[in-house]
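Colleague: Take the sequences, apply the hints, and build the full model.
The sequence shown begins at 703 in this note's numbering and counts up one residue at a time.
There could be a bad hint or two in this list.
As the list claims (entries may be wrong) - Simulated crosslink set (DSSO-like; lysine-lysine; CA at most 30 Å straight-line):
no.: 1; residue 1: Lys894; residue 2: Lys760
no.: 2; residue 1: Lys863; residue 2: Lys719
no.: 3; residue 1: Lys719; residue 2: Lys760
no.: 4; residue 1: Lys868; residue 2: Lys833
no.: 5; residue 1: Lys894; residue 2: Lys908
no.: 6; residue 1: Lys760; residue 2: Lys945
no.: 7; residue 1: Lys868; residue 2: Lys760
no.: 8; residue 1: Lys760; residue 2: Lys940
no.: 9; residue 1: Lys891; residue 2: Lys760
no.: 10; residue 1: Lys719; residue 2: Lys826
no.: 11; residue 1: Lys891; residue 2: Lys905
no.: 12; residue 1: Lys833; residue 2: Lys719
no.: 13; residue 1: Lys945; residue 2: Lys826
no.: 14; residue 1: Lys891; residue 2: Lys826
no.: 15; residue 1: Lys868; residue 2: Lys823
no.: 16; residue 1: Lys894; residue 2: Lys944
no.: 17; residue 1: Lys868; residue 2: Lys894
no.: 18; residue 1: Lys823; residue 2: Lys937
no.: 19; residue 1: Lys891; residue 2: Lys719
no.: 20; residue 1: Lys823; residue 2: Lys719
no.: 21; residue 1: Lys714; residue 2: Lys905
no.: 22; residue 1: Lys940; residue 2: Lys826
no.: 23; residue 1: Lys937; residue 2: Lys719
no.: 24; residue 1: Lys937; residue 2: Lys863
no.: 25; residue 1: Lys719; residue 2: Lys908
no.: 26; residue 1: Lys826; residue 2: Lys937
no.: 27; residue 1: Lys823; residue 2: Lys760
no.: 28; residue 1: Lys823; residue 2: Lys891
no.: 29; residue 1: Lys868; residue 2: Lys908
no.: 30; residue 1: Lys760; residue 2: Lys826
no.: 31; residue 1: Lys714; residue 2: Lys891
no.: 32; residue 1: Lys863; residue 2: Lys940
no.: 33; residue 1: Lys823; residue 2: Lys833
no.: 34; residue 1: Lys868; residue 2: Lys826
no.: 35; residue 1: Lys863; residue 2: Lys944
no.: 36; residue 1: Lys945; residue 2: Lys833
no.: 37; residue 1: Lys714; residue 2: Lys833
no.: 38; residue 1: Lys714; residue 2: Lys937
no.: 39; residue 1: Lys714; residue 2: Lys908
Please keep in mind that the hints were generated in silico from the structure rather than gathered at the bench.
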Amino acid sequence: MSSVIEVQIEDKVGIVKLNRPDSLNAFNNELSDALYSQIEEFNESSAVNSILITGNGKAFSAGADVAGFQEGNTKKKSPLSWNNLIELFIRSKPIITSINGFAVGMGITLFLFSDIRLASKDAKISFRFVKIGLTPEYGSTRRLSDIVGISTASELMLTGKFVDGKEAERIGLISRSYDSDNLFNESFKISKDIAENSHWHNKVIKEMIFNNYHKDYDKVLEIEGDIFLQARQTKEHKDFVKKFMQDNK
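Modeller: Written out as C-alpha cells, the structure reads:
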C-alpha cells in the first residue's frame, strides 16, 4: 500500500484517505496511481460494497501538484493521461466523496464523478482554473453543468470563486453539508447504508443513472484535453507557474 493513501475496510465500506497533507493532498502521479489501484482493488473485493474517499489534514485536495507544471514539464502532462480515473469512477462500485477543507481544481473536478458528494460546512470549493491561466478538465464543463445547471456552472468556472459547503449544498453541487466534527461519521453512515445493498443492485442502479444522463463524455474529454494543453502554453499560466515556483523556493 502506498503511503500517499491510507486504506481500511469497515462494514463493507472501503475507505481511502488521501495522504499528502504537507502538499494539501495535491495530486501527483504517485497519488493518482495509488488511488486508481486502490479503487480497482476494492472493485474486485467481495469484502467491499461501497467506497468512501476523504483527505487527511486541513484539505481534501488542492488539485494537481503545481510542481508538475514547471516549464520543463509543460507538454508531459495532459488530463487525457488521467482520463482512466474518470472511467474508473463511472464503472466503479458506488463512490462517496467526503470533502473536508479545500477542494480546488482537479481536487473537485475528478470527484464530480463520485456518486454522492458530501462536505463540511466550512469546506472551500473552487474551479480555479481560469485564475491560474488554465481551462477546466476531466469533462468537468459537461459534468458540472449536468449537476448544477449551465448558468451556475458558468458562474463557478468563469469567476473561479470559492463556495463553502453550505452554498455548495444550496446549489446542488453536493448532497449535504455537515459540521466538520460530524462529517466523517455522517459520510460513513451513508456509505454503510449503501454497502448493505447487494452489489448487483448498486451496479445496475448506477449504470442506469449514468446511461440516462451522462452520454458522449469521450468527446467532451477529448475537447477539454486539447484545450487544456493549449492553456498550458499561455503567458498567463506560465507567469503563474513562474511566480508560484519563486514563492515556494
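Colleague: Compare the structure with each hint and give your call.
Modeller: Verification of the supplied hints:
| no. | hint | verdict |
| --- | --- | --- |
| 1 | Lys894 / Lys760 | holds (24 Å) |
| 2 | Lys863 / Lys719 | holds (26 Å) |
| 3 | Lys719 / Lys760 | holds (12 Å) |
| 4 | Lys868 / Lys833 | holds (23 Å) |
| 5 | Lys894 / Lys908 | holds (17 Å) |
| 6 | Lys760 / Lys945 | holds (24 Å) |
| 7 | Lys868 / Lys760 | holds (18 Å) |
| 8 | Lys760 / Lys940 | holds (28 Å) |
| 9 | Lys891 / Lys760 | holds (22 Å) |
| 10 | Lys719 / Lys826 | holds (18 Å) |
| 11 | Lys891 / Lys905 | holds (20 Å) |
| 12 | Lys833 / Lys719 | holds (28 Å) |
| 13 | Lys945 / Lys826 | holds (23 Å) |
| 14 | Lys891 / Lys826 | holds (23 Å) |
| 15 | Lys868 / Lys823 | holds (5 Å) |
| 16 | Lys894 / Lys944 | violated (45 Å) |
| 17 | Lys868 / Lys894 | holds (24 Å) |
| 18 | Lys823 / Lys937 | violated (36 Å) |
| 19 | Lys891 / Lys719 | holds (16 Å) |
| 20 | Lys823 / Lys719 | holds (19 Å) |
| 21 | Lys714 / Lys905 | holds (15 Å) |
| 22 | Lys940 / Lys826 | holds (25 Å) |
| 23 | Lys937 / Lys719 | violated (36 Å) |
| 24 | Lys937 / Lys863 | holds (22 Å) |
| 25 | Lys719 / Lys908 | holds (23 Å) |
| 26 | Lys826 / Lys937 | holds (27 Å) |
| 27 | Lys823 / Lys760 | holds (13 Å) |
| 28 | Lys823 / Lys891 | holds (18 Å) |
| 29 | Lys868 / Lys908 | holds (26 Å) |
| 30 | Lys760 / Lys826 | holds (11 Å) |
| 31 | Lys714 / Lys891 | holds (12 Å) |
| 32 | Lys863 / Lys940 | holds (21 Å) |
| 33 | Lys823 / Lys833 | holds (24 Å) |
| 34 | Lys868 / Lys826 | holds (10 Å) |
| 35 | Lys863 / Lys944 | holds (22 Å) |
| 36 | Lys945 / Lys833 | holds (13 Å) |
| 37 | Lys714 / Lys833 | violated (41 Å) |
| 38 | Lys714 / Lys937 | violated (49 Å) |
| 39 | Lys714 / Lys908 | holds (18 Å) |
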